Structures are given as C-alpha cells and as structure tokens.
Amino acid sequence: MTSEIEAVQAPALEMRGITKRYPGVVANDGIDLDVRPGEIHALLGENGAGKTTLMNILYGLATPDEGEILLDGQPVRISGPSDAISRGINMVHQHFMLVPVFTVAENILLGEETMANPVFLDRREASRRIRELGARFGFDIDPDAKVGSLSVGWQQRVEILKALYRDARILVLDEPTAVLTPQETEEIFEVLRRLAQQGHSILFISHKLYEVLEIADRITVIRRGRVVGERIPSETNEADLAELMVGRAVELTVDRGESHPAQTVLRVSDLQVADDRGNPAVRSVELEVRAGEILGIAGVAGNGQDELVEAIIGLRKVTSGTIALSGENVTAHGPRAMNEAGVAYVPADRHRFGLVLPFSIADNIVLTSYYRAPFARGFLRDFGAIETAAAAGVAKYDVRTPSADAPANTLSGGNQQKLVVAREFDRPLTLLILDQPTRGLDVGSIEFIHRQAIRMRDEGTAILLVSAELDEILELSDRIAVMYRGRVVATVDGRSADKNHVGLLMATGGESREAVDPAVASR
Amino acid sequence: MRRLWTVAGLPIVSILLGLVVGAFVILGSELLLPDHEFSWTLPITAYAALIEGSIGSFGAIVNTLVATVPLVLAGLSVALGFKAGLFNIGAQGQFLMGALGAVAAGVIVADQPPIVAIPVAMAAGMLAGAAWGFIPGILKAVSGAHEVVTTIMLNYIAISILAWAVSGPLKVPGSPSPITNDVGNAAFPIVIGDNGHMGILIALGMVVIVSWLLNRTTLGFEIRTVGANPDAARYAGMRPRTLIVLTMSMCGLLAGLAGTSIVLGVTHSMTSSFGTTVGFDAIAVALLARSNPYGIIFSGLLFGAMRAGATLMQIEAGIAPELIDVIQATILLFLVAAPVLQRVLRLRGVSGGLGATETITRSYGREAVS
Amino acid sequence: MDPLISALYGIPIVGLLFQFGGYLIAILPPVAPILLQSATPLVLAALCGVMCERSGVVNIGIEGMMLTAAFVGWLVGVIVAPMIPADASPIFGATPALLIALVLAVGAAVGVSLLHAWLCISVRADQIISGTIINIAAAGLTAYLYTIVSANSPEGAGNFIAFKPPPAVAELPVVGWLLQMFLNQGPIAMSVLFIVVGFQIWLFRSRWGLRTRAVGEHPRAAETVGIDVIKLRYRNVLYGGILAGLAGAYLSMEATNSFQADMTGGRGFIGLAAMIVGRWTPLGAFGAALLFSSSQALGQVIKFAPPSGDLGSVVGSIPGQFYDALPYIVTIIVLAGFVGRSIPPAADGQPYEREAAT
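Residue numbers (our numbering), protein chains in the order written: chain P, 1 to 523; chain U, 1 to 370; chain V, 1 to 358.
If you're looking for bench data, these hints aren't it; they were derived computationally from the structure. Only a predicted model underlies this, so the values are computations on that prediction, with no experimental measurement involved. Just so it is clear, CB atoms sit at the ideal spot from N, CA and C, and this is done for glycine as well. The reader is advised that the hints may include incorrect statements.
[Unchecked claim] Label pairs and their in silico Cβ distance ranges:
| hint | chain 1 | residue 1 | chain 2 | residue 2 | range |
| --- | --- | --- | --- | --- | --- |
| 1 | P | 77 | U | 28 | 26 to 32 Å |
| 2 | U | 142 | P | 426 | 36 to 42 Å |
| 3 | V | 21 | U | 174 | 40 to 46 Å |
| 4 | V | 147 | U | 174 | 32 to 38 Å |
| 5 | U | 189 | V | 21 | 22 to 28 Å |
| 6 | U | 31 | P | 352 | 52 to 58 Å |
| 7 | U | 142 | P | 65 | 53 to 59 Å |
| 8 | V | 147 | U | 37 | 45 to 51 Å |
| 9 | U | 340 | V | 314 | 56 to 62 Å |
| 10 | U | 37 | V | 178 | 57 to 63 Å |
| 11 | P | 277 | V | 14 | 34 to 40 Å |
| 12 | U | 209 | P | 426 | 31 to 37 Å |
[Stated by the list, open to error] Not the full set, but computed from the structure, chain U residues with beta-carbon under 8 Å of chain P:
| hint | residue |
| --- | --- |
| 13 | 217 |
| 14 | 218 |
| 15 | 232 |
[Stated by the list, open to error] According to the in silico footprint, chain V covers these stretches of chain P (three or more CB under 8 Å from chain V):
| hint | stretch |
| --- | --- |
| 16 | 73 to 82 |
| 17 | 99 to 105 |
| 18 | 116 to 130 |
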C-alpha cells in the first residue's frame, strides 16, 4: 500500500498544538495531527467533538488561538478559502456546497473559472478538462447535467472533481459517506485509493467506525477537542475506537429484544403521491405496520420517503390509493385529524416542522394540542394548564433549560429534539413516525432516543422509522422495507437482513446494474 | 424601571436621534432658502412650536388625541399583519376605501337617528377596508403574490377610485369642486373638548381587543405561529392560507376604521384631496412599538403630536410639515440599525431589533405557503 | 371567409374585440415611441431589481432611489444652470449643467443604495423593511426640500431631448418605423436596449455573472470556493443604484424638465413586478416592463384619442380614472397569474453570515 512510499518524507500537512476557544467552550485543545503524502488519514470523533472547527481552521475559515499549521514542513498562515485552495488544500463539505440550478461545469468552474478571454467563460475547454479528469478517476460525467437532478452519489463525485480541478494536493472530506449506500461508498473509496496512489493526501472525517477501519491508513480519534488516541487499523477494532470516541464502553447496538407484533395498525394500499413539481414520487406503495413492531424504511434520500411520510401524516395530498389506520380510512385526514387519532410525528427537519423556535418551550409543547381542553376553553387559552403540562414534560424528558418560558431557540440540538419527543411521545399513541430521529445528535442523545423508541414499541405502539443511516435501520427495525424510485422494492426481516444486500437494493432497486449516466439518473 | 429601559430603550434613543437629525435638516434647508437669514436657533423655535402646537394647551392636547386616533388604528392594522408575517403596506389604500365606504353610507343614512346612522356608517367603512385587505390576502394565499407589490398597486387604484367617486356619483350636485355631501347624523359625537370625537374611545378599545386576540385566544396563537413558522403551523393542523386571508381582512378592517374615524369624526365629508400620510405613518407607528398593541398607543401619540403640532411649526418657524416625514424616516432608520446603534452608543440591556418583523422577507416571490 | 367575419360581427362581444384589435393596430405607429419612453423607467427599475436580487438582496427601495435621483437631478440643474450658461448641444440637447446634474443624480441614487446595502448586508436588517424605510425617507426628504426650493419658482436646467434620426430612416421599408422608434429617443431611453442586452450577456456568460448568480443561490457554496460574498453583494447593489439613478434621472431630466412630489408614481414597484414576471432575467424583465408600460400608454391614449363607433361608446362610458389605474390593475392581474411559476434565486432575501469568522 502507500505506507512504503512515505518513509522519510516530511508530512504533507501537519497541525501542531492547535487550540481554538469560543465563548464557553474550548473547541480544539492542543491538537496534533499529521498527514503524509499519499496517505488516507481518518479523523474520528462524534458530533460536537471539534472536527468541524479543526477543518474550518485548516480551510482558513477560522484562525487558531494557538498552534501552527505546516505544509511540507513550512509553517503557513491560511487567510481564507481562496488562500487554502491556492495552497492545494481542498475541502469536500458534509452538506454539499453545490448550486442545484447550475450545471456540473458551472459548479466546478465557480471560483476557478476557465476563461476564454478576460470577460467570457470558456465552457468548451472546461467541459473537456472535466471529462478528462473524470475519466482519469474512473467515472463518466456529463458536464452539462444540472446538479440538482443528480443523485447524491454523483453529487459527491462532482464535489471531488471540484477539488481535483483545482490541483488539490490535500483533500479533506467531511463525512463523505453520510448519505451514500454501501455500494456508492465502496465506489468512492476506490476513487480515494486511486487518488492516494497518485500522491494526494487525504484527510477523511467520519464517525462511522467500520468505514474508517476499512479505508484509513491511520486513524486519529478526538474527543471534546482533544486528541485521545492514534491507531493503525490493523491494530484496533470497532469497540476500541468507540470507547476512545465516547470515553466509556459503549453499547454499539441497543439490544432490541423480541418484538411481539399484534394487529395491523397502519395499512397503505396502492398509494400514489406527487412531489412539489407534480412528478410521481410515491408509486403504488403497499405497506403495513403492526402494533408492537418497528418497520424501518431504508432508502437513499430522495426516493420518495419524504413524500410518503408527508402523505401519511396529512401534510401532502394523495393522488390515489388509501391509507388506513386501525381499519379506518384516513387518506384525506389532515395533520390535526391524524394527531387526534393517536398518530405522532417526529420530523426530519425539526426546525422547520417540529418547533417554532421563537416561541416558548411551553408553547411548543402544546403546539398540536393548544386548541383543545385542557389547554383551551373554546376560544380562550388556559395558561395555567399549559404551564403545568410544560413543566411536567420538561422534567420527564430531561430537557435542559432554566425555565419552560424560555424560547426554544435557546436549547441545544439534542434538547430541541427531546422537546419534540416530549410533545409527541407523552400520550397514548397508535402510530409513531420517526423521520431521521437522531441526525446530528451526540451519542448520549442517540442512545436515549433509541431506547425510547424500543420502549414505545414494547408498549404496543406501531412505529414507522425512516432513516438514511442504514445502521440505524438495521439496529432498530423488526422489518425493513426498501424504497427505490418511489416503490417498495423489497421487504425483509430485520434480524436476518444482510447489510450488503439491503444496500444493493437501496442503490439499484433490484434492477441489473449498468453504468449509470448521471444525466439520465434523474428521479 | 429597568424593564422599561429594556423594552423602550431603543425606541427612545431612536426618537431622540431622529429629532437631532431633524434639527440638522432644518439647519441645512436654511442654506437652500434664497433670501433667508441663517439662524442657529431655528430648530429650537421649530421644535418649541411643535411642542406648543401639540401639548401646549388643552385644545392642542385634544388635537393631538384626534390626530392619534387614525394612527393607532392604522398602526394596529400594520402590526397585526407583522404578527402573521405579512407586511401590510396597503394600509393607505384600505384607509381610503374605509373612508369612502363610511362617507357613501353616511350620506345615505345622514337623516337617520345617530343610533342607527353611526353604526351603519362605521360598518360600511370597516367592510370596505376589510374588502381591500381581503384582495391581497387571497391573492397571496392562492397564487403567492407578495403583498408588498399587490397592496401598493391597490393603494394607487384606491386613489383612482376615490377620485372617481368624489367627482362622480358622490359629488354634491351643482358643486364646482369635487366634494361629497355631509354625513349628517352619522358623525361621531364629541366626547372631549371642542373636537375630541368618539374615535378616541374606539381606538383605545381596539388596542385592548387586538391585544387580547393575539395573546389570549387560540386564533391569536395561530396567527402568531403562521408568522413565526408557517411549516410548523401546517403540521400543527393550522391552515396558513385561511389565516393569511383572515388576517389581511382584519388588517383591512382596522385601517378602514382609521379612515372611517377621520371622515365621521373630523371632516364629515370627503374631497378628492383626502390623502393624508396616515398609511405610511402607520408603518412607523407599528415598527416603533415593535408591533405591541399597547406600545402602539405611545408611538401613535408621538406621531400624532408631531402631526398636530406641525401646523403651528409651519406658522411660527416657516418649516414645511414634510419635515415630520423626514424625522419619522430617520427614527426608523436608527431602529433598523439597532445592533449597530447598540455598539456605537454602548447601550446595555436594551432588547434590540424589530421583533416579529424579521421574517417578512422570507416569503417574497415564491409560494408563501403550500 | 367574409360571410364568417360579418356573421361574427353581429355578436356584440366579438365585434367589440375586433374593433379593439383594429384600434390597437391603428394607434401603434404613433404610440410606439411613447411605449418605449414610458417603458424606460420601468425597465431600468426592473433591471436594478434583477441586479440586486440575483445577488441575493431584496430591494424594495428602488422607488426611493429613483425619487432621490429625480430630485437631485432637478435640484443640481437648478443650482448649476445659472452658473454655467451654455447653449444646448445638438447631441441630445446636452449642456454642462445637465451633464453634471445627471452624474450627481446617479451618484445620489448610488449613495442611497449604499445605505440599503449596508443595512441589508452588514447590519442584516430585514431587507423589505430597509427598503421601505428608504422609500419613506426619500419621499419625505424630497417633498420637504422641494417645497422649500420651489417656493420662488426657480428655473431648471432644461432636459435632454430626443435624437432626431435623418428622415431617410423612417422611409426604410418594413423596419423603418421600428428603427425610427428606437432612434428617436433621448440618451437614457436609447441606452436602455444596450443595457438590457449587455446585462443579459454579462449575467449568463461572464465570470462575474456566474459568481453573482452563485451568491444569490447558495452563498455558502460560493464562499467555500473563495468568493467574497459580502463584497460582491455590496458591489452589485451599488450597480443597481446606478440603474435606479438612471431611471430617476430620466423622469426629471428627459421625460420632463421638472420635479414633482411622488413623481415616480409606483414605477419602482411595477419594476419589481416586471422582474418577477420576467423570471429575474434582464430580457424577461424588459419584456414584462414593456407589457406594463403598454397598459400605461394605452390608458393615456384612450383618454386623448378614443376610438369611435360602438367601441367608442363602451370606452367612453368607463370613467377616466379607470384608465389612470390601468397599469396598476394590469400589474396585479399579471403578477397574481405568474408568480406561482416564477422561482426567485434561492438565497434571495436571506442575510448572510460569514462562516465562523474569528
């Protein structure tokens, strides 16, 4: 592998003693990190450990309070992204920094425009270079495809091409596989290995233990802003890394025990739902969730899961088909009617659908029940009852706040999610819909929410779980349905599910695999 | 005391700064006057006249109250819109239509006993204003057309309708100039001084009603939720489209009531030059009070006083009343630049910004709600 | 064919429509130049909107910027003209006073746009409120100063006059009247077409156009490739100020030679509507502005040269104020019909904060 090459060379990148303080927190505390030429170096840590801050410093978006950065042994001061780029440091962000309405070429050109003359862009030359670069690293890209119509796997490739177009020497990838299927992950890993062979240095940030073990040459673990360990993959394993990452022995999976499913609670029959542009997003979906079981919907983001959930919960009109709750036809029910029928929804985007951030915690707790007793008598609100309920909810679900009158935007992400949970879970429920419930949360909050979900299942609630993290699906689901291009292409048993098999279904829908031209790979 | 400073500190500082800038504008405009002797004390004379004309005598105070009535009502109109995430620049047009409705009805019931005439004329004015608020509301709810552009168009259309009505169907027959008949018994009775009419009580009543609506009722909660986060409102089972239409109609009703109050309380008839600055003053009143109904009483009084005193200011200091517009705009400018103001002047403990208004731009140009 | 047409003529509505069509065709040649002229301030206002909003800044204050420019242009003319007496040059009737006034008028609009840029970009205030305050301030200040200055009816600097193309142009077959229409304009009106085309090319084919559009769609992405979002937004809002300044200067220095309170009459807002209908492109805004200005022109023409016959009696029975309100009515109808399908730049109106700036 690459380890033979770098025997006596100076590291391509070295960060020494990097310290960065923000009000109230030390984000980075004396971090030492080095990456050799041609090495794939993984930076492992959970959300909030300080990885993003460190990368912002490297990319010139922040200045360290102490410490220095060296490139090829020379200390440098990086003043901003353009400076970083000109020094050969390129970053592929976790949330794609791509303009959806621009073409692939326009996105790649932006900021590093190939000019035909001082005024006009040279699109032809740019297209040529892009195709050439793509070919060199094994993929066939259409420079004129609109990025917004590409799958996430292809968008990821465009991001990488962006970096290569700028002669990147050091490539920083921030959680690159968060939204990829196992197959796409493997393909990206191939690209990365080729890049490393050609001498590029790669810094790979992740919180996914098995991926890091698979791709990295060396692993640096940080926790709460400090480096707590450096490992070589052959000398460690997931449990060891997890313990380093979190600081204590971690149960990597919650034992969900046996499920005892009873009657059918939710039945979706031949459902057709259109997306915002009128195109079919959900095509003839058949689903069933029983009381006391968790049905996990696996699928790459954008294959109709959002529209399916919105249709079930009543936020989106159904084109045809039926949705039945405990036998009753609820297809036309709006969110309030579903809510009153005992359905709860923990939305993927908690800032958009789950909370009204400027409002108080108390108002948020009664957001779906403010209009009925005891919180209102007809037209008038009963603030005493609201206050009591709010205090109870905050205590029971461990929402850390000085007072229930504080606005919701003063809470941390994890506490905001607990607030949503406090509102949704705390009543008798027939059906619970969880949409990306642990996205962006720290390990403690993730554990809490997973345990709560299993508790509700054991109490007899039917649970529909939608998640882009295949691991979460595999960990919690009793049954798994795979969605691809708006259809449920397979339903498998949760216990015996094979991760690669499910991943393949997510990526291809069970159809035969051809080289997919991204221009054609629209939804 | 400290609570007062936190809430009102920024507006107060903005007002003071606005007056200072106004003084400089006065000085500056002296230079533009051809044969005029430059006098450093002109601003002081002007402001003194302003104060005297607004609160310098019992009559002046009553004038101020009378001028405040439409400002409070129209200010409530704009503020209610802000709470729902809507920018009701159309208060001016709704105000005019309300006045027109009140005059049209008032002229018809002029000979009825007041107990009949007044409610009928008021109702007509409120209805006309509500209709003029309904139009941009339904346009926004159905097609997403942003209310800033549609309401301004409607303002201009209202002016045309007014011109037509006053020189056409409502015109006093045989009169050389466009003027309507008198509203007779539909006029508001006087409750204080020579000209302090019933509108004063109505305005106060509306403040209480709007505040109660927003803070104590489920409808008010829904309105505020739609303004703060329409997506969450949908999930909570509220209907943003219905709420937008309802709120814009209520805003129209309030602004229409403002116009009604002038027609029934002060002028008793209408001419084609019935165009005042009320619609835009209302925006300033609402912003200065941060859309708080009780705060609107104070900001309304401030601008009412300035408008009332402007006449005396013109007589005694020769300053055109448009100066009030300049001062008003400057006050708003300082309010909007609050964070900078806080830093530059090292103000501590004041709550900054314009509150509920911060999210208005969000729905510009696209489907506001789905 | 003829029996069909005469049969259709019998049906009242259709007959009226035919007459209306004939009326429009008849008035087109004399009205066409007016069409372009009344479109000029609308187009420029719409282009200002496009420039700002493509960069992500909502500019409701175009009306105020135009008014400021109109006033300053007139005011400077009033002050400077007596100081530099000169004969009007044969090219557009320019005089030194007029030129100075034009420069200062546009400069004033740029100054106002700097204020708007500062409030929206650096202070991160709500952009619609910032624009509204500018409108209120401009209306108040110009009205106030105008009452003072006009008290003794000063003489202005005159105005730019239209270029007179040689008579041979009008004689050209087919395109004669079209060319005549384009060339028989004052300087600002004539430059509009060039500005529209130039802007369109610039926005979609140049490096700065690409960066501008990126900043309006996804400023964070632009920042990560090293583009200075803040500086670019400032710069574009100032360019927009130039366009608004030209629009305002046109009103008081080319279309007329005086100033009136509220001279802009809502054109800034109609310009915004044109921008929306035109899908935030210069060419689209141009087309939409032509549509709106034609309703304005139509309204005026009907009052002065009404049609005859059945159509005439229908038209005459509608009160004159309706035609005054026609452009506003058309704007609302078009806007309500089009907006749902018109998507603004994704980051339009959202204040931008640099990532973790130390």
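(message) Assuming the hint says 53 to 59 Å, is it satisfied by the Cβ distance from residue 142 of chain U to residue 65 of chain P or not?
(response) 54 Å, holds
(request) Note whether the CB distance of residue 37 of chain U and residue 178 of chain V lies within 57 to 63 Å or breaks it. (result) 58 Å, holds
(request) Given the range 52 to 58 Å, decide if the beta-carbon distance of residue 31 of chain U to residue 352 of chain P lies inside it. (result) 55 Å, holds
(request) Kindly confirm whether 32 to 38 Å is satisfied by the beta carbon distance between residue 147 of chain V and residue 174 of chain U. (result) Once the Cβ atoms are compared, 34 Å apart, the range 32 to 38 Å for residue 174 of chain U and residue 147 of chain V holds.
(request) Closer than 8 Å, Cβ to Cβ, for at least three residues: run that test on the stretch 99 to 105 of chain P against chain V and report holds or violated. (result) Per the Cβ count (4), the hint holds.
(message) Taking the Cβ atom of residue 142 of chain U and the Cβ atom of residue 426 of chain P, is their distance within the range 36 to 42 Å?
(response) 38 Å, holds
(message) Does the beta carbon distance between residue 277 of chain P and residue 14 of chain V stay inside 34 to 40 Å, or does it fall outside?
(response) 38 Å, holds
(request) Report holds or violated for chain V covering the stretch 116 to 130 of chain P, Cβ cut-off 8 Å, minimum 3 residues. (result) holds (count 3)
(request) May I ask you to test the interface hint for residue 232 of chain U with respect to chain P, counting a Cβ-Cβ separation under 8 Å as satisfied? (result) Nearest chain P Cβ about 5 Å off; hint holds.
(request) Check, residue by residue, whether the stretch 73 to 82 of chain P contains three or more positions whose beta-carbon lies closer than 8 Å to a beta-carbon of chain V, and give the verdict. (result) holds (count 3)
(request) Take the C-beta atom of residue 209 of chain U and the C-beta atom of residue 426 of chain P, compute their distance, and say whether it sits inside 31 to 37 Å. (result) Given a distance of about 35 Å, which is inside 31 to 37 Å, the answer is holds.
(message) Between the beta carbons of residue 21 of chain V and residue 174 of chain U, is the distance compatible with 40 to 46 Å?
(response) Between residue 21 of chain V and residue 174 of chain U, where Cβ atoms are some 41 Å apart, the hint holds.
In this structure, the hints that do not hold are numbers 1, 5 and 8, in rising order.
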